[in-house]
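Undergrad: Spelled out from the first residue to the last, the chains are:
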Amino acid sequence: MLAIVDYGVGNLFSLCSSLKSLDKAAIVTSDPEKIRAAERIILPGVGAFGDAAEKLRKSGLDTLVREEAASGKPLLGICLGMQLLFEKSYEFGEHPGLGLLRGSIIPMKGTIPEALKIPQMGWNSLIIKRSHPLLRDVKEGDCVYFVHSYYAADCEDSLIVSCDYGRELTAAVAQGNVMGCQFHPEKSGKVGLSILKAFCEVEV
Amino acid sequence: MLKKRIIPCLDVRNGRVVKGVNFEGLNDVSDPVELASFYSDDGADELVFYDITASVEGRRLFTDCLRAVAEHIFIPLTVGGGINTIEDFDRVLKCGADKVSVNSGAIRNPALIEEAAKKYGSQCVVLSADVKRVDGGFRVFSHGGRVDTGLDAIEWIRRGINLGAGEVVLNSIDTDGVKKGFDLEMLQAIRVEVPVVASGGAGGISSFVELFREVPSVDAGLAASIFHFGEVRIPALKQTLAENGIPVRRV
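These protein sequence lines map, in sequence, to chains A and B.
Counting from 1, position 142 in the first sequence corresponds to residue 142 in our numbering; the numbering is continuous, with no gaps.
Counting from 1, position 166 in the second sequence corresponds to residue 166 in our numbering; the numbering is continuous, with no gaps.
One or more of the hints may lead you astray.
[Unchecked claim] Derived list of chain A stretches under chain B, where covered just means 3 residues or more per stretch with a C-beta under 8 Å from a C-beta of chain B:
| no. | segment |
| --- | --- |
| 1 | 16-30 |
| 2 | 119-133 |
| 3 | 188-199 |
[Unchecked claim] With a straight-line cut-off of 25 Å between C-alpha atoms, the simulated DSS-like cross-links for lysine-lysine are:
| no. | chain 1 | residue 1 | chain 2 | residue 2 |
| --- | --- | --- | --- | --- |
| 4 | A | 55 | B | 94 |
| 5 | A | 55 | A | 139 |
| 6 | B | 94 | A | 24 |
| 7 | A | 55 | B | 180 |
| 8 | B | 118 | A | 117 |
| 9 | A | 190 | B | 94 |
Keep in mind that the hints were calculated from the coordinates and are not lab data.
Here the structure is a predicted model, which is why all the values come from computation and not from measurement.
We put the beta carbon where it would ideally sit given N, CA and C, even for glycine.
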């Protein structure tokens, strides 16, 4: 069983449907017992970092996710959920994250060419930096769907995939049992489904 | 590099697709799920479902059909038609829509854009505008392009973005249905900082090549009938775009 952490942000319809289409059992829950009992955890999220981090803290799920990650359980953060894995974010101020990965979340504004639109919205091709079981069915140049205005920086230790949007931006990260993708695998067609499937089957 | 998106638009009435695609291998040309998976497999980057129903019962059938599509198709889905209140946003987002496009509803009540953007995020709110040339300017029309609102298109679109719209669909009434190409002049006039989807006038593969070459600020091309009647198949379209140096996603 896989637990999708429900802390009141984002629309989980597509994520649940995509896992169902892969025949992977998943529950959306905020119940600590169910999260502890799950074999794997997905941390989803859309919206603003500060808001989401605050909701995680208030519900006590931040500590729980940290403990579960420390126990070696596979954890996948998606979009804002990936950003939350890092030490801190500079989105509207400075906010601490879960600190499971080294690095921080910074704005595209001012760091990419001015002619490019923000958010990066749409399909971009992947540049594989390091092979990883999550990418077992992903080829260099495969496209996935992004919607974001901030990105993870100073995260060389965990960077496995980037994409080119005026500069190389972090697209996916992994370090031990902690993994994350900036893009939406549940909206990225067959490539995205293959990544979700790999996460459900990965041995770390 | 970010790819230019190709977006087929499907009109849905009472839960069935109007003007269904007629291709070999498709059993039911008006079944939304079958059609959506056909386009998704062919390489569509996104799908727009346009609800042309007026009745309450039709609305329910539309959300049923949307839910069925979203359970099987894993590319972005945009929903438009009959979006007048924040409850309408809620209704379609719960059924798996990723983006919601507002048109007449936002003209009547521009605060809807702001309210929806605050609640669901700008990435979710698409401002769709039907625009026609009047007295040398670009004018916004409502009610499916029938009523002149008197609003200047450039000002209206800018206002919508300031209120929180995260994407703009610009549909030219002047080129719509003419099949002689997108309205390049109109698209060039609308320069904004959010993604722009061109709509109205696609007549064949060359229309898309011309669009992305002449107006590099446009992010996506939307069309309906040329896809539905098989005049343009997406793999061939993307092949030609790639040969012309336009970045596209291949499946």
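Undergrad: Now look at each hint and say whether the structure bears it out.
TA: Hints versus structure:
1. 16-30: Three-residue rule met by the segment 16-30 of chain A, so holds; n is 4.
2. 119-133: Per the Cβ count (7), the hint holds.
3. 188-199: The restraint on the segment 188-199 of chain A holds, since 5 of its residues have a Cβ under 8 Å from chain B and three suffice.
4. A/55 / B/94: OK: residue 55 of chain A and residue 94 of chain B at ~21 Å, within 25 Å.
5. A/55 / A/139: violated (36 Å)
6. B/94 / A/24: holds (21 Å)
7. A/55 / B/180: violated (52 Å)
8. B/118 / A/117: holds (20 Å)
9. A/190 / B/94: Given that 25 Å is the threshold and the Cα spacing comes to 23 Å, the pair holds.
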